[in-house]
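We have chain A already, so just place chain X on it with the hints.
Now for the letters of each chain:
Protein chains: 2
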Amino acid sequence: MSTAAAAAEAGQQHATAEAAAAAVPPAAVAAAAAPPFDFAACIPRFLHWVDFCNSGAAAAAADEFLLLTVGGSAVGFLKPSFAERLLQFPDVFRRDGGGLALHPSLATQQQRTAAVAGVLEVLRGEGLIEGWRNELYPAVRAFHDEPAFLIERAAAPHFGIKAYGVHINGYVTLPDGSKELWVARRSRSKPTWPGKLDHIAAGGQPHGLGCMENVVKECEEEASIPTELAARATAVGAVSYTSLQPAGLKRDVLYCFDLELPADFAPRPQDGEVEEFMRMPAWRVAEIMTTSDEYKENCNLVIIDFFFRHGYLTPDMPGYLELLRGLKSGDMS
Amino acid sequence: MSTAAAAAEAGQQHATAEAAAAAVPPAAVAAAAAPPFDFAACIPRFLHWVDFCNSGAAAAAADEFLLLTVGGSAVGFLKPSFAERLLQFPDVFRRDGGGLALHPSLATQQQRTAAVAGVLEVLRGEGLIEGWRNELYPAVRAFHDEPAFLIERAAAPHFGIKAYGVHINGYVTLPDGSKELWVARRSRSKPTWPGKLDHIAAGGQPHGLGCMENVVKECEEEASIPTELAARATAVGAVSYTSLQPAGLKRDVLYCFDLELPADFAPRPQDGEVEEFMRMPAWRVAEIMTTSDEYKENCNLVIIDFFFRHGYLTPDMPGYLELLRGLKSGDMS
Numbered sequence: 001m002s003t004a005a006a007a008a009e010a011g012q013q014h015a016t017a018e019a020a021a022a023a024v025p026p027a028a029v030a031a032a033a034a035p036p037f038d039f040a041a042c043i044p045r046f047l048h049w050v051d052f053c054n055s056g057a058a059a060a061a062a063d064e065f066l067l068l069t070v071g072g073s074a075v076g077f078l079k080p081s082f083a084e085r086l087l088q089f090p091d092v093f094r095r096d097g098g099g100l101a102l103h104p105s106l107a108t109q110q111q112r113t114a115a116v117a118g119v120l121e122v123l124r125g126e127g128l129i130e131g132w133r134n135e136l137y138p139a140v141r142a143f144h145d146e147p148a149f150l151i152e153r154a155a156a157p158h159f160g161i162k163a164y165g166v167h168i169n170g171y172v173t174l175p176d177g178s179k180e181l182w183v184a185r186r187s188r189s190k191p192t193w194p195g196k197l198d199h200i201a202a203g204g205q206p207h208g209l210g211c212m213e214n215v216v217k218e219c220e221e222e223a224s225i226p227t228e229l230a231a232r233a234t235a236v237g238a239v240s241y242t243s244l245q246p247a248g249l250k251r252d253v254l255y256c257f258d259l260e261l262p263a264d265f266a267p268r269p270q271d272g273e274v275e276e277f278m279r280m281p282a283w284r285v286a287e288i289m290t291t292s293d294e295y296k297e298n299c300n301l302v303i304i305d306f307f308f309r310h311g312y313l314t315p316d317m318p319g320y321l322e323l324l325r326g327l328k329s330g331d332m333s
Numbered sequence: 001m002s003t004a005a006a007a008a009e010a011g012q013q014h015a016t017a018e019a020a021a022a023a024v025p026p027a028a029v030a031a032a033a034a035p036p037f038d039f040a041a042c043i044p045r046f047l048h049w050v051d052f053c054n055s056g057a058a059a060a061a062a063d064e065f066l067l068l069t070v071g072g073s074a075v076g077f078l079k080p081s082f083a084e085r086l087l088q089f090p091d092v093f094r095r096d097g098g099g100l101a102l103h104p105s106l107a108t109q110q111q112r113t114a115a116v117a118g119v120l121e122v123l124r125g126e127g128l129i130e131g132w133r134n135e136l137y138p139a140v141r142a143f144h145d146e147p148a149f150l151i152e153r154a155a156a157p158h159f160g161i162k163a164y165g166v167h168i169n170g171y172v173t174l175p176d177g178s179k180e181l182w183v184a185r186r187s188r189s190k191p192t193w194p195g196k197l198d199h200i201a202a203g204g205q206p207h208g209l210g211c212m213e214n215v216v217k218e219c220e221e222e223a224s225i226p227t228e229l230a231a232r233a234t235a236v237g238a239v240s241y242t243s244l245q246p247a248g249l250k251r252d253v254l255y256c257f258d259l260e261l262p263a264d265f266a267p268r269p270q271d272g273e274v275e276e277f278m279r280m281p282a283w284r285v286a287e288i289m290t291t292s293d294e295y296k297e298n299c300n301l302v303i304i305d306f307f308f309r310h311g312y313l314t315p316d317m318p319g320y321l322e323l324l325r326g327l328k329s330g331d332m333s
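One line per chain: the protein sequences are A and X, in this order. Residue numbers for the first sequence follow the UniProt record's numbering, so the first one is 1 and each next one is one higher. Residue numbers for the second sequence follow the UniProt record's numbering, so the first one is 1 and each next one is one higher.
Keep in mind that the hints were calculated from the coordinates and are not lab data. Be aware that a few hints might be false.
As the list claims (entries may be wrong) - Now the in silico label distances, taken between C-beta atoms and shown as ranges:
no., chain 1, residue 1, chain 2, residue 2, range
1, A, P175, X, A41, 26 to 34 Å
2, A, Q109, X, A41, 24 to 32 Å
3, A, A62, X, P191, 46 to 54 Å
4, X, D91, A, D51, 38 to 46 Å
5, X, E146, A, A62, 47 to 55 Å
To be verified - Non-contacting residues of chain X with respect to chain A, defined by C-beta distances greater than 12 Å in every case (computed):
no., residue
6, G72
7, G97
8, H144
9, A154
10, Q205
11, G210
12, R232
These numbers come from a predicted model, not from an experiment. The C-beta atom is built at its ideal place from N, Cα and C for all residues, glycine as well.
The following block holds chain A by itself, in its conformation from the complex (with noise of 0.2 Å):
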């Protein structure tokens, strides 16, 4: 059998660059194939899901980590080891009570930014800090707050800022009412998660950028989505967590956006970053986060959010309610 035709009994519907619009096969017979299938059975490897991404929670609760302040707010958090480090640089971070204080004579984000970015240089010299983003992450302790100051995405998880980002479910209405997702395969060759499944598009929420224009931009890079296409994305909610990493404390807000799609539109790979795009009904992609670990992990939650918005989820199945509160375990600020 071919791999497409294994596909296609699979459920599944792929779009490379290649072959984009000619893959995508008429919808009602994706539909009628869908075999009955049980969203209530879901739920605990659902919640697993949510407890693998707030595997940061208990250590963050039980104060094993140090806070960072500027000016009195709480910004980040810092493993001690980390945090004695910072104090061999004296001008920039100091004690504070139980914490860490960035120095008070650092007085605007200008001033904070540019000496943290010092500190960052002489750590990453050092091999502290892997993955350089050249990308600014606001430190702040809610969304909408002024920046206490900018940090270089990589730093972000060693300081325990808080990360936002958009994640886009790409989805397709069947004419009997049934919803297809879009499915990204990971580059084999990307450095993180690598060959693992994925959104249609999605991206870390970077400084200086609406949320709505980054998702318009994650959509053409990764997906080759036209803007006016992509502008019809409606955010739906938010999911967050906190989750452990070996460089600290990871605490996420991922901003939630449904975009419906046309039934003849396929998502092409452009920037490298996506191998291919499939198209899958919304239960078979319920039955891979179920049976397996294909899915980059945080993308389960929001995946699950779509199940809840969408009504494959119902109040009548045990673990409704426990797995909603999941979703929003982490600092939703």
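For chain X alone, coordinates are given in the frame of chain A:
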């Protein structure tokens, strides 16, 4: 200007039992009349409604209520004065740590239900519990738990029993993609919230009925929506809150449903609970919520959830995450 003309000018469409279909003008007219509306400016007032519905959160957090446990599982919160009254029934209630427990000799759900009902009869006779509904709520720690006992709905706030409900957003999508909501005005002779605005249908979740069955039942009883149409309602999540009432602590979880209705369908009052139905652009509903207290208070939260899921609120609006978090302030279990 006639009432109908005034309503039309305010972006409303009316449907009474007498003149339902005739009162629905072409959808495009209402859409064209929609002025630009600033949903971001509504957020402070929306946060007010979250706070309003969570008037009991601080009291619960400050341990101003006593726990009621059954077999070690917490199912209720009691005002100290009410707890003292219950202790005058020593065969049914007894002290347990800092709170009260149902007497352990009451071993089954049936025994507990009967014993509590006996106490309630006495308290009802004393006028301590009013507004008898003849509807049984389960006393549970979480929705899918086996009920510790069943209790008359009117007594639920006195015992701080968790209460679950189904709330249905009835709406129409216009050809330009904008949405209009069906709004009910509660009968002015109703004992609870007379004359207030409400959803197209909503109701408490009684014991022994599935949520979707309850949705269909409430849609039929309150708005004359035929079963086959009501069955299209989609589960889309839940909101929760903890409010302080004269009787005690009201700990509610409202399951939210979206019901997209055909443009030519008009609900009709049936059981005397609703005085009239009006169809209004989403912006007009937001305006009413923002400038008045016309809505039954907890409905605001369900409609705000609708605004989140349908893209009326966006991450670039200050207060977005605080409001989103606030919708699930209660015990989501």
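Violated hints - listed by number, lowest first: As far as the earlier hints go, 1, 5, 8, 10, 11, 12 are violated by this structure, in ascending order.
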